[in-house]
Amino acid sequence: MRTMQFGKYSKYMQTLGSFDDDESSSSSDASPVSPENGIEYKKVLSGPKSSSETKKHQPTFSFLDILTAISSKIHRFSPQPTSSAKGPTKKGHRRTESDELHTFPRAMSRPKHNSRSMVDPTTRPLLAENSDVPHYDGNSGRVSFSDVEEADINADIVKMRSSKIDEEEDGATAFAAAKRARKQSETSSGSYSAPTSGDIYSGRVKAYRSAMVAATFLMDYENARSPSLSSNIESITSSQLHLCQLRHSNVWQATIMLAAAALFYASCIEGDDFKHSGALLAGLTAFSVIVFVCDMLIRYHYKKKTTGSDNNVQVSGDDATDDLVKLRKTRAGMWMVPLSVLLSALSLNTVFIILRREDTVFRRAIWLSVLKPIALFYISSKGRDALEAVYRVVRIVIGVLCVELFLILSFAAVACQIYSDFPGFEDLSSAFLSLFKLSTTVVNPSIWMPVYESTTSSAFFFILFVVTSVFYIHSLVLSVVFQTYMQAMSEIRDRTRSDREDALRLAFLTMQKYGDWESQSLKLVHVRVLGQALALLRPHYGPMKINALLQIVEPDSDGYIDYKTFRMKVPKALRTSLMSTRPTTIFSLALELLAFAVAVSNLVYVIMVSSSFKAHWWNSVMMPVGSLIALLGIIELILRCDFLKIFGVASPTRLDGTFDGLAAFAGALSLYGERKKSVYQFCICFMLSSSLLKDHGFVSHFVSTTSRDSTLCAALRVWN
1029 MRTMQFGKYS KYMQTLGSFD DDESSSSSDA SPVSPENGIE YKKVLSGPKS SSETKKHQPT
1089 FSFLDILTAI SSKIHRFSPQ PTSSAKGPTK KGHRRTESDE LHTFPRAMSR PKHNSRSMVD
1149 PTTRPLLAEN SDVPHYDGNS GRVSFSDVEE ADINADIVKM RSSKIDEEED GATAFAAAKR
1209 ARKQSETSSG SYSAPTSGDI YSGRVKAYRS AMVAATFLMD YENARSPSLS SNIESITSSQ
1269 LHLCQLRHSN VWQATIMLAA AALFYASCIE GDDFKHSGAL LAGLTAFSVI VFVCDMLIRY
1329 HYKKKTTGSD NNVQVSGDDA TDDLVKLRKT RAGMWMVPLS VLLSALSLNT VFIILRREDT
1389 VFRRAIWLSV LKPIALFYIS SKGRDALEAV YRVVRIVIGV LCVELFLILS FAAVACQIYS
1449 DFPGFEDLSS AFLSLFKLST TVVNPSIWMP VYESTTSSAF FFILFVVTSV FYIHSLVLSV
1509 VFQTYMQAMS EIRDRTRSDR EDALRLAFLT MQKYGDWESQ SLKLVHVRVL GQALALLRPH
1569 YGPMKINALL QIVEPDSDGY IDYKTFRMKV PKALRTSLMS TRPTTIFSLA LELLAFAVAV
1629 SNLVYVIMVS SSFKAHWWNS VMMPVGSLIA LLGIIELILR CDFLKIFGVA SPTRLDGTFD
1689 GLAAFAGALS LYGERKKSVY QFCICFMLSS SLLKDHGFVS HFVSTTSRDS TLCAALRVWN
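Every position in the sequence shown, counted from 1, becomes a number in the numbering used here once 1028 is added.
Since the hints were derived computationally from the structure, they do not count as laboratory data.
No experiment lies behind these values; they were computed from the predicted model shown.
Keep in mind that the hints are not guaranteed to be accurate.
[Stated by the list, open to error] As a list, the in silico DSSO-like pairs of lysine-lysine whose alpha-carbon atoms are at most 27 Å apart:
no.	residue 1	residue 2
1	LYS1597	LYS1541
2	LYS1551	LYS1541
3	LYS1551	LYS1592
4	LYS1573	LYS1234
5	LYS1410	LYS1234
6	LYS1234	LYS1551
7	LYS1551	LYS1600
8	LYS1573	LYS1600
9	LYS1234	LYS1465
10	LYS1573	LYS1592
11	LYS1541	LYS1234
12	LYS1465	LYS1400
13	LYS1410	LYS1400
14	LYS1234	LYS1592
15	LYS1410	LYS1465
16	LYS1597	LYS1573
17	LYS1541	LYS1465
All chains should be modelled from the sequences, with the hints used to inform the complete structure.
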């Protein structure tokens, strides 16, 4: 038997630490065996020792650390902790022997405040009787064990050290583990270098480009259309990105609508005199052709690298983001070839007619006007949906009608053989026509009454035909049409949902591919990149509103979100509309009351001016009343906008394009000065005043704008 000093294992003991700081501190204070008691553990080795070795003072440890190191050798003689004492294990972690090393000393080595020794005195004789078990002498502070036991203790200490490291790694998140692994790999390879200013600038450009591409895909999701850009995200160029944004801008959409309107308006003047309408017709055709050709070229440029003809996007799953989204050929792209043929024919026909000066009437082939709806199906997704549903219904209806015609033909063949002596059933064609008329119930019962008067049994034949054709076949046609239409609309909705899912998936992949290293390795998206995309998607939102939208997404503590959260929370954030609240003060309330009074007064004034109200006192007060209403409107505008910043308050209402447009139209109509336009002016003022009853704070600004223009113009008309 030998005794050894545990100072040799100080480097291992330092890695262990205490299991519970508060608990270990209270235990060390109450225990009579601690480093403050001056107990040292000496090592007695065979062989000569140098004087320096004997004088070397080894560090001391408490009995708690020593008992932790040798607990694996005495646990069979000590009461084993039950499953309830072990405590719950972490989710996804299997309890191993290393966990027992941590759990066992917690239950056995912590003394209570009234204990005198770290070991239960009743266990000392048992430990002394067994020679294979190390024996602790509380008086001398020595632990005796054999040579094999010494090697086992060394292995136990190393095992406890590794278990401590494993516990730390299990407690860390996957993000921290990946970050630590990356740091270690960079340190070991020596490839890490500080980022330069060029790297920082390129990183910002990369992040901004990622946000622009993601914002484009999110815009496609909002508009329920297939992804505009290519599914190969790395191949998207800056020109494709800018052209896509141009094509989906409001200005270009308005231009496309004007081109379609010009194309259809040209059909109204095709038969007019060439000298009067030739230049206008040529201009409308040229404008339509140029706009549609530019739109097709833009579309072809940013769609030319889209690959795949089907859709294999998975709706759910952990590895769903690994699949590259394949985009189908959009229905608008399918109409490009027919539209190109139509535009080419229109251009050639227009040039040919202009060159032939001898014609006095501008004539076109009728088939050109028939093909003009192709332009509508090209630009309208709703029109394409309706056409697809009608096409599916027509195919089914044609089949059902063929069955009905075959049934009528069968009955006609029988009637031709039985009732050939009666008029209307002489041959097969006349019998078929008579029964077809009978199936429409237009000539019922005038067709079969002569036959019935002669042969009463013919009632069975005709009643059977009427029941079969009218009640069964016609009901079948209606039910099939309804069912086919509902099925077609369901498939269209499923395709639209799939297109939106594609756009959402591509937005996530874009943010992930152009994100940092952690985003690419852990399949996460940082909320910073999402915030940039939302800022581009909502340019009228300030930083506070963007942060409010990001709070809906609910990222984790590190600012990352996975695809499951992205798919559930980002659509909710896109559907959320944020409006700035304005404080309600006495000034704002008074201003709202003034705007309401001006609007109502203007409504009554316009009604009286536009009507046939002719009172003797009205001509004398019309001018002062109109001027007063106009003056109050101007005062209300000055107080609301506060141009000189005298009051230092914000406008209690916000602008709106719809009501601003109505107010501007009403003002322009009043400035026109014609009395026959007063009816339209009255209708617009009535609409605005009706809306004012719902939300006078929202509409009063626009109503007051209308009131200023209309009342001032009415007063000027009276003055003149």
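Status of each hint after checking the structure:
1. LYS1597 <-> LYS1541: 20 Å, holds
2. LYS1551 <-> LYS1541: OK: LYS1551 and LYS1541 at ~9 Å, within 27 Å.
3. LYS1551 <-> LYS1592: Holds, at about 11 Å.
4. LYS1573 <-> LYS1234: Distance ~24 Å between LYS1573 and LYS1234 Cα, so the pair holds.
5. LYS1410 <-> LYS1234: 36 Å, violated
6. LYS1234 <-> LYS1551: 18 Å, holds
7. LYS1551 <-> LYS1600: The given pair, whose Cα atoms are some 21 Å apart, holds under the 27 Å limit.
8. LYS1573 <-> LYS1600: 14 Å, holds
9. LYS1234 <-> LYS1465: At roughly 73 Å apart (the allowed maximum being 27 Å), LYS1465 and LYS1234 break the hint.
10. LYS1573 <-> LYS1592: 23 Å, holds
11. LYS1541 <-> LYS1234: Distance ~10 Å between LYS1541 and LYS1234 Cα, so the pair holds.
12. LYS1465 <-> LYS1400: 37 Å, violated
13. LYS1410 <-> LYS1400: 17 Å, holds
14. LYS1234 <-> LYS1592: 25 Å, holds
15. LYS1410 <-> LYS1465: With a Cα-Cα distance of about 38 Å, the restraint between LYS1410 and LYS1465 is violated, given a limit of 27 Å.
16. LYS1597 <-> LYS1573: Cα-Cα ~16 Å, so holds.
17. LYS1541 <-> LYS1465: Distance ~69 Å between LYS1541 and LYS1465 Cα, so the pair is violated.
Comparing the model with each earlier hint shows violations of hints 5, 9, 12, 15, 17; every other hint is respected.
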